[in-house]
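Novice: So the chains spell out like this:
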Amino acid sequence: MTGLLLVNSLCKRFGGLVAVDSVSFEVIAGRVTAVIGPNGAGKTTLFNLISGTIPPTSGQILFAGQNITGHAPEKVAAQGLVRTFQLVQLFQNLSVEENVKVGCHLHTRGGVLAALFRPRWAREEERAVEANARELLEFVGLADVAEASAATLPYGQQRLLEIARALAARPKLLLLDEPAAGLNREETQQLSSVIRRISERGTTVLLIEHDMTLVMNTADAIVVLDFGCKIAEGAPEDIRTNPAVIEAYLGGVEGISSVTGDNRKVVADE
Amino acid sequence: MNEISYIIQVLVSGLGLGCIYGLIGIGYCVIYNASGIVNFAQGAFVMLGGMITQLLLWNHGVPLLLSGAIAVACVVAIAIVIERIVVRPLWDRNASTFVMILATLAVQIVLEGATLLIAGDQPKTLPVFTDLPPLRIGTVAISYQLIWIAAASAVIIFGLAAFFGHTRVGKAMRACAINREAAALQGIRVSTMLMMAFALSAALGAIAGILVTPTQVTAFNVGLPFAIAGFIAAIVGGFGRPFGAFLGGLALGVTQAGAVVVFGSGFKSGAALAVLLIFLFVRPQGILGTAK
Amino acid sequence: MRLHATILQLKAMTAQQSGSRRRLLAWLPGVIGVAIVLYTFIGGGYLVSVVSFGLIYALFVTGLNLFMGYTGQVSFGQNAFAAISGYMSAVLTTTYGWGVAPALACGIAATLVVALVVGYPALRLKGHYLAMATLAIGLIAYEVAVQWQSVTQGYMGISGIPPLGVFGYEITSDRGNLAFLALVAGLGVGAAALIRHSRLGRAMTAVAGSEDAARALGIDVARYKLLAFLIAAAYAGLAGSLFVHVVGFVSPEVYGLHMVNLAFTMLYVGGIGTIAGPLVGAIIIILLPETFRSFRDYQDMAYGAVLILLLIYAPRGLASLSDLWSGRARG
Ligand SMILES: Nc1ncnc2c1ncn2[C@@H]1O[C@H](COP(=O)(O)OP(=O)(O)OP(=O)(O)O)[C@@H](O)[C@H]1O
Ligand SMILES: [Mg+2]
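Taken in sequence, the protein lines are chains Y, P and S. Counting in this note's numbering, the first sequence runs from 1 upward without gaps. Counting in this note's numbering, the second sequence runs from 1 upward without gaps. Counting in this note's numbering, the third sequence runs from 1 upward without gaps.
Excised from the complex, chain Y in its bound form (with noise of 0.2 Å):
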């Protein structure tokens, strides 16, 4: 049990604003690990600092035993922690396969004389590319519309796409953030299902949920997020009855199975 990912007192201020409030904890390989918390706890916060797209206020992030903190977003892609955003960010004039074909960008080389002059090396590379698209794209269950241009999808497979595109960038870790938001029940099923299997091919993933069916059903570790603080960590059975957790969910009224921080999705866990 190595830790991939070690998140060491990470601050971040916003003015007089902590979003991130000297936050530590640990990502072990292999597993899923989910953050949650309600709305404006920092948890995408603390996701744009572990992947470089702002610099922390203080603090360390360690990934696979080398310093990460503030570096550039596309300096931490290339060691491979590659992450996938709130409000999904795709490349709309792109087709849903190059969208794919983009995210093998870090392991193709070929600049400018290679587009013009294809060699057989760059010929070889760009078929590698396109099986390596295909298959990622059979994998989330978009093969069907390969050729299709990326801003048609629905919202749904929007999602997965943006997930096959991160997985095309070999991630050692993988950063998902709120990859259900916007889904319907079916489209949740087949996330956690597509979750599951990235899992078993062996990347890690760190991901941000509301949806706590979601949550349950793929996490094998949980870090609670409030006002910037972690105020709980642990499996999920533990964080379920976690007694601050209820508190931070709303007073603990109802507990957090069905009281999920937000009005956008409350789902019960049977």
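Hints in this document: simulated from the structure, not taken from any laboratory. Careful, some of the hints might be misleading.
Unchecked claim - Selected chain S positions facing chain P (in silico; Cβ < 7 Å): (1) 121; (2) 132; (3) 136.
Unchecked claim - Far from chain S by the CB rule (all over 10 Å, computed), these chain Y residues: (4) 3; (5) 28; (6) 57; (7) 127; (8) 172.
As the list claims (entries may be wrong) - Coverage of chain Y stretches by chain S, computed from C-beta distances (three or more under 8 Å per stretch; other residues unrestricted): (9) 69 to 75; (10) 78 to 88.
Quick reminder that beta carbons are idealized off the backbone N, C-alpha and C, glycines included.
Got chain Y; can you put chains P and S with the ligands on it based on the hints?
Specialist: Relative to the frame of chain Y, chains P and S with the ligands by itself:
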């Protein structure tokens, strides 16, 4: 001694031109604050102000003051038309910043072309407002036109301060500048603000154009240099700060005058462009920092 | 649940079908462009030189399209790069007696160096700052061309520039120029197509789509912006040099702001972000004043007006024709 008075002389004329740049710069800020749009047709307002006044005065014998007033009204009307038929549809479609810039730049080119057709390509000028020999303070000569420019600028600045500080429309515009969504929630009609901003900005540009024309010539193509100068003023002052823009204009006027003294008159626009690039590359937030 | 899945499937199928029809239609403008070039070549007459200019502009606009259409950046200053290369070609061949080919190569190299030096700081800017910085670069190039009289001969310009040619062979006929330029423009457009469907092109398009997402996938956004800028500058430089050799004359006005206006109109007519759009747009727009004689006097104004109308009503230019066909429209 002679040298010093020469330098003072140059600085003074630089300040005069700087006032003009400052007024144009304020024009950018007014529209930017109301909408986030940067209007690249700002120079056309300046050019049209001078040209229309000249046309009325010369061809129709309308007295200067009246010509100027009609010109300002015409330019304001043109600006409102532009806002209605070009900017508004793009704004409603949520067009990108870049499309908006390109469209307003195209408006500038169309207005230039129309002016060329109507008024020809010959440079024109206006008589000075007060035809008296310059005032002498020691060895420094100050022309009456310069005094007009400074005085008019001062009046405009105070007028704007009162407008933004005390009128409903002015306060609403400031609210838009701070946070457009919040302003809309408070019941401020942001789209009306956009039209008002274009009108105000056009009036400022036209007045600047009328004030400056007696000191130099005007022609269909003088708009762009003024647009650039005004933009520099706005950047130096921190984009979106009207009074910063005015100070930025003064700074640019003086710098430009200095560059002409040191390098020769061919470097007037070169100097302005150099200032622009330096600020953009080194300190795009300006001296005072941007408004937002 | 069944129903839902079926609908999804149906949607996917129609998307694919209209996709292939769209792709066919996407070829149509390109075919028309080629047909016009062929027609003028066979027909001859004064249109030959007009279409030749169209092809030179097609190169210029293709570069612009790579930077703006694919990569989603802004440059109002591409005329500066045409000017640098054009003047370099002109001065090296007339004052120093160089051959056309080395002068042209040198011109493009100089363009790339300048593009690198100004692009590095400029591309960190966004929105109106980037727009103004690039506009300023174009205007500075104009000022330099006017002021640096010892080299550029100011407003007078440089004349007697030798025509295109290599190894003592010179293209002297208008038809020869047209054929050569058609070849070069074809290669230029082909290169753009190759770039678009490569790792490089995808990365550039990703930058346009979402910088955040591109960076999250390991794309060095700043690097690809600069690369796209350099490629666009190379196209502009090539066009600028070809122009002076075809016309035999250069002056600051050749690369004035009207060039930017014209290029944008062409780009938007043909369809920004498409492969053949720049070529088609360039040829259509260059032929317009020939069709309407009286149009000449108001050229700049008319181009500006066309551009405004396109931006408002048909932001995808001719490329939106295929949308009309398949019965859908996108903003
Ligand atoms: N760039 C920023 N500037 C200022 N404040 C910010 C910024 N980003 C986030 N915040 C603030 O930080 C706090 C945490 O926001 P964050 O987006 O991380 O919450 P979250 O837990 O992801 O919430 P949600 O569940 O709604 O996505 C919020 O109060 C938010 O307003
Ligand atoms: Mg969030």
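Novice: The hint names residue 132(S) as touching chain P; please verify it with the least Cβ-Cβ distance against 7 Å.
Specialist: holds (6 Å)
Novice: Given residue 136(S) as an interface hint, is the shortest Cβ-Cβ distance to chain P below 7 Å?
Specialist: holds (5 Å)
Novice: Determine whether the non-interface label on residue 3(Y) survives the test: each CB of chain S must be over 10 Å from its CB.
Specialist: Since the minimum Cβ distance to chain S is about 22 Å, residue 3(Y) lies beyond 10 Å and the statement holds.
Novice: Would the non-interface assignment of residue 28(Y) survive a Cβ cutoff of 10 Å against chain S?
Specialist: holds (23 Å)
Novice: Using the nearest Cβ pair, does residue 121(S) come within less than 7 Å of chain P?
Specialist: This hint holds: residue 121(S) lies near chain P, its Cβ roughly 4 Å from the closest one there, short of 7 Å.
Novice: Confirm or reject the statement that residue 172(Y) sits farther than 10 Å, beta carbon to beta carbon, from all of chain S.
Specialist: holds (13 Å)
Novice: Given as covered by chain S, does the stretch 78 to 88 of chain Y meet the bar of three residues or more with CB within less than 8 Å?
Specialist: Our answer is that it holds, as 5 residues pass the Cβ test (under 8 Å) against chain S, meeting three.
Novice: Can we confirm that no CB of chain S comes within 10 Å of the CB of residue 127(Y)?
Specialist: Given that every Cβ of chain S is farther than 10 Å from that of residue 127(Y), nearest at about 13 Å, it holds.
Novice: With d taken as the least Cβ-Cβ distance between residue 57(Y) and chain S, does d exceed 10 Å?
Specialist: holds (21 Å)
Novice: When I compare C-beta atoms, does the stretch 69 to 75 of chain Y have three or more residues closer than 8 Å to chain S?
Specialist: This one holds; 3 residues, not fewer than the three required, reach chain S with a Cβ under 8 Å.
In terms of the numbered hints stated before, the structure departs from none.
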